[in-house]
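All chains, full assembly: derive it from the sequences and hints.
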Amino acid sequence: MLARTNLLSVVFGSYSSGTPDTTFYYADPAKTDGLTLSMPLYILTSKKTFSAAEDFSYAMQQAKRATIVGEVTGGGAHPTMPFSVGQGFVVHIPFARSLNPITNTDWEGTGVQPNVEVEASKALIKAQELIFRERQATAKTDKDKQKLTYLINAVHVNGNLGTLPLDQFDQFAGTYGPLVIYREGNKLLCSFSGNKTELAHIANNLFVLDGNAQIEFVKDSKGLYSKARLFVQNGEVFEELRK
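Position 10 of the sequence shown, counting from 1, maps to 637 under this note's numbering, and the rest follow consecutively.
Every clue listed holds true.
Taking lysine-lysine and the DSSO-like style, the derived pairs with C-alpha atoms no more than 27 Å apart in a straight line are: (1) K675 <-> K691; (2) K767 <-> K691; (3) K749 <-> K691; (4) K854 <-> K823; (5) K691 <-> K674; (6) K814 <-> K846.
Cβ pair distances, simulated, as ranges: (7) D648 <-> Q763: 47 to 55 Å; (8) N831 <-> V807: 20 to 28 Å; (9) I720 <-> T650: 13 to 21 Å; (10) D771 <-> G804: 24 to 32 Å.
Keep in mind the hints are simulated off the structure, nothing from the lab. Bear in mind that the values here come from a model prediction, so they are computed numbers and not experimental data. Glycine included, each C-beta is placed from N, C-alpha and C at the ideal position.
Okay, structure coming up:
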């Protein structure tokens with residue numbers, strides 16, 4: 628059974644009533660009928676993450692129960708209420724503030740600082756990579772580690788090959804065992820047993836060959852691409868010499 632832990636922030640202060648008060652919010656694992664999860668948790672944030680979503684993110688981060696991936700959040704920790712100031716004008720003024728029991732402060736004005744800061748649009752891919760790398764660090768066999776390398780590579784597939792020079796495609800072109808690699812316009816293609824597939828770029832000389840394999844073109848001591856290394860989804864690795 629997990630120890631009882633204050634996961635959500637402590638909110639105190641009620642200026643509207645004139646009598647300061649402290650309200651505690653906590654999660655009690657003893658009330659879950661044994662349903663507790665110890666799996667790693669990742670929370671994705673952006674600059675638009677605000678208020679209650681920040682509260683949850685900040686509390687889980689400070690309790691070391693989650694890794695925050697993304698952008699610094701909006702920074703709204705103090706709840707407000709409308710107050711009339713006369714002449715039909717209303718202003719929203721904070722009437723309370725949050726206090727985390729670990730840091731004794733909150734995220735007002737500063738936002739929640741991610742453990743891993745990346746653009747919000749890339750946060751999901753980064754979190755997936757972190758998950759696979761964490762699993763890879765505890766993998767017991769080389770084959771299991773290679774499976775996770777395959778998955779890490781897969782999340783970084785770049786559908787746009789336009790960033791690579793076409794003459795580099797020509798350098799890759801050739802026959803590697805049963806695989807025939809060639810360029811057609813601005814596409815890098817592979818022909819195998821009568822089937823034709825377009826390669827999708829991952830990074831450097833590494834590409835997705837099809838749904839089950841990735842291919843890396845390897846240079847020799849003369850600077851020529853003399854072989855291809857094939858990474859299969861099940862963790863196996865093969866090499867094919869260029870003919």
